[in-house]
Amino acid sequence: MRPAYLITGGELRDSSPVNFNGENLNISGLGLLFKKFIMVGQVQNRMEENDRKMIKILDQNNEFYFLIGQYFTGNPDKIWDLQINSYVIISATLTFKEKNSAQDRNIYAENFREINDLELQYYRLHTMKSLQDRLNIVKKLISSGARDLSEISVLTKSNYIAEGIYYRIKENLGFDVSRYEALLESFRLSSESSTNEKILGLIKSRGEMSMDEIVKSLENSMTTKEIEDALSSLLNSGEIYETKEHKFRYIA
Amino acid sequence: MGAALPDEIIEEIKEKILKATNNDQNAAMEFDKRLLESTEPPIIVALNVVEDFQGDISVLFDGERISSVTKDFEGTVVGKITNISYKEFERNGKRHKMLTGIIRDNSGAIPITIFDPPKIGEGDTILIKNVVGDEFNGKLRLKTRNNSEITPLKRGSDGQAELVTISKINPDMKFISVEGELRIIEKNRPVKGEQSRLTVGILTDSTGTIQVRAWDIDLEEGLVRFHGAYPKIYNNKLYLNVNKNSKIEVLRRAGKPENLYQLAENGSGEIEINVRILGFIAKNPFVDVCSECGRVVRDGRCNLHPEAKPARIIRVTAIIDDGFSSQYATLYQSLLIKLIGEDAVKSSLASLDISLVRERLNELALNEFKVKVSAYRSSRSNSGEEARTNMEIVEIQKFTEDDYKISIEKLRGEFT
Chain A
183 MRPAYLITGG ELRDSSPVNF NGENLNISGL GLLFKKFIMV GQVQNRMEEN DRKMIKILDQ
243 NNEFYFLIGQ YFTGNPDKIW DLQINSYVII SATLTFKEKN SAQDRNIYAE NFREINDLEL
303 QYYRLHTMKS LQDRLNIVKK LISSGARDLS EISVLTKSNY IAEGIYYRIK ENLGFDVSRY
363 EALLESFRLS SESSTNEKIL GLIKSRGEMS MDEIVKSLEN SMTTKEIEDA LSSLLNSGEI
423 YETKEHKFRY IA
Chain V
3 MGAALPDEII EEIKEKILKA TNNDQNAAME FDKRLLESTE PPIIVALNVV EDFQGDISVL
63 FDGERISSVT KDFEGTVVGK ITNISYKEFE RNGKRHKMLT GIIRDNSGAI PITIFDPPKI
123 GEGDTILIKN VVGDEFNGKL RLKTRNNSEI TPLKRGSDGQ AELVTISKIN PDMKFISVEG
183 ELRIIEKNRP VKGEQSRLTV GILTDSTGTI QVRAWDIDLE EGLVRFHGAY PKIYNNKLYL
243 NVNKNSKIEV LRRAGKPENL YQLAENGSGE IEINVRILGF IAKNPFVDVC SECGRVVRDG
303 RCNLHPEAKP ARIIRVTAII DDGFSSQYAT LYQSLLIKLI GEDAVKSSLA SLDISLVRER
363 LNELALNEFK VKVSAYRSSR SNSGEEARTN MEIVEIQKFT EDDYKISIEK LRGEFT
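As given, the protein sequences belong to chains A and V, one line each in that order. According to the working numbering, numbering within the first sequence proceeds without interruption in unit steps and concludes at 434. According to the working numbering, numbering within the second sequence proceeds without interruption in unit steps and concludes at 418.
One or more of the hints may lead you astray.
[Said to hold, decoys possible] So the derived label-pair ranges between C-beta atoms look like this:
| # | chain 1 | residue 1 | chain 2 | residue 2 | range |
| --- | --- | --- | --- | --- | --- |
| 1 | V | D355 | A | E395 | 33 to 43 Å |
| 2 | V | F177 | A | E421 | 49 to 59 Å |
| 3 | V | K189 | A | K238 | 46 to 56 Å |
| 4 | A | E379 | V | Q399 | 29 to 39 Å |
[What the hints assert, rightly or not] Calculated lysine-lysine pairs in the DSSO-like style (CA-CA distance at most 30 Å, straight line):
| # | chain 1 | residue 1 | chain 2 | residue 2 |
| --- | --- | --- | --- | --- |
| 5 | A | K260 | V | K400 |
| 6 | V | K141 | A | K380 |
| 7 | V | K141 | V | K189 |
I should point out that these hints are in silico values taken from the structure, not numbers from a laboratory. All of these numbers come straight from a predicted model, not from anything done at the bench. Note that beta-carbon positions come from the ideal geometry of N, C-alpha and C, so glycine has one too.
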């Protein structure tokens, strides 16, 4: 079966309906051909209007309403247990009311669960890494001139991933490589600065902290390697200094 | 031992080695050592030593560093020649050959044109006297003249051409060496009215991808190195042709399937991967199995162990997804107990009510798991259906905090 891809809000927003070999699917600007998908985002609201339950999810400045309806596999009332501003992983199906119209789409949730900081980091990185992999394949195809489905499939290691890229090539739809490069770059920068800010805030609040204390305070949200990288970047930018080995102080 | 040369010539070479390596005494000592063991001329021994010590080889031949070549240059250069292509042309009723390539030393590289060259191969180190600088299309290059002297000093990597990366392959190249991961997409197609057989593959390295067309020879999947391959444009597309005259080295044979899509395509095998479980299906979850062999029994009796008493167990189907494909995989009771606890399984078996198992499994949906999945092909010949791949989870472990941390570090490393 076609996988449920981890997708960013940007790529989901960018997708449009397509009839592929008789199947009603969606295709993103980078050639992701899908019906089901998985997204990670922040709960903005959960509501019920005209007997329809829904959740509003924010991902990278894109807001989406997920309907709790025909595709939902759990108890619909569990939406009320969701905390506003908490993060969730949500699986869903994207459908369009009218064929070939991107204007009127419905997103039906299939399942969701709240996730912690560590899981959030994992899923965000995983989503961006998958996007990066597909972008690199598209760039490789553009430079090498490979055009056959079988050739693309070798690179993508799955026909399902290859089909959407092939479709965009065949239909001369093109790929907005620079847009997705910018999306990856902005993720890279934001994740770097948010890690640094988190650690800086922590050191600021305590005045001085040892490496062990920082690792312990952030063990659920960051890996030791990330903490070390952030500390080294903060040391280099002169925002903190090392009072003695592995003890850091904020430079006021 | 090297050919006997007067001591003063050896001393002169040693002085040049020191000059070429910024007075590195180890280089001079290495030269002495190799000279005793080598059968090559001392100047070639010196060339190897200076290259190994990353020195300036032009010093050995009183030449110019390639980075110092200007438009008005006239003199000697020495370096390794790559990206060779040949063209033939006619002048004054005589046919001439022209080699174009890139010559490089450790200071830089420059395109070069050699008219009527001696036998030069990809990656050979050559010495050219009386070569001149030239500007072509605003770009600096070197070219030989009638009085130029070209001496091949050393063959490139064991007589075989230096490896070319896929993105650098161009249709003017001849007999190149190239290495990459090969996947075969078509085997032994008869062409030219059955006169030839064509096998087509896709070769990929970190820089690009190219279709390989193998004429009348077999290809094997895996990490492969081709020698004597020749690029060719056909229908505006660049291909890499190989034939009986090419040499093919299989450096690593294609391994097991890497993901669920490939496992399903293979139809058999086993892989250990990380998956996301999208959900569980518990349709007809209660089955009777033979207490001897564990096989599902029909009509209360095992064909192999008719005396053994059947045992009732629970099995469910998990929808597993690794981002390459979603697959249904059977999950048997022993692993189910590991995931949701013995109490839920026992209680469901006792009451023949699956709701508690369902409830516990639902809590696990959309989680990450490390699994070992086994695939086997089943044939439905009785009903006329095509054979299909069945999957079974044989090991399962929910992601722990450490698994997330390790994965985050790995993803960070790969996310450039």
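Consistency of the hints with the structure:
1. V/D355 with A/E395: 33 to 43 Å: Taking Cβ atoms as reference, V/D355 and A/E395 lie about 51 Å apart, which means the hint is violated.
2. V/F177 with A/E421: 49 to 59 Å: 57 Å, holds
3. V/K189 with A/K238: 46 to 56 Å: 53 Å, holds
4. A/E379 with V/Q399: 29 to 39 Å: 34 Å, holds
5. A/K260 with V/K400: Holds. A/K260 to V/K400 sits at ~23 Å (cutoff 30 Å).
6. V/K141 with A/K380: Violated, at about 51 Å.
7. V/K141 with V/K189: 45 Å, violated
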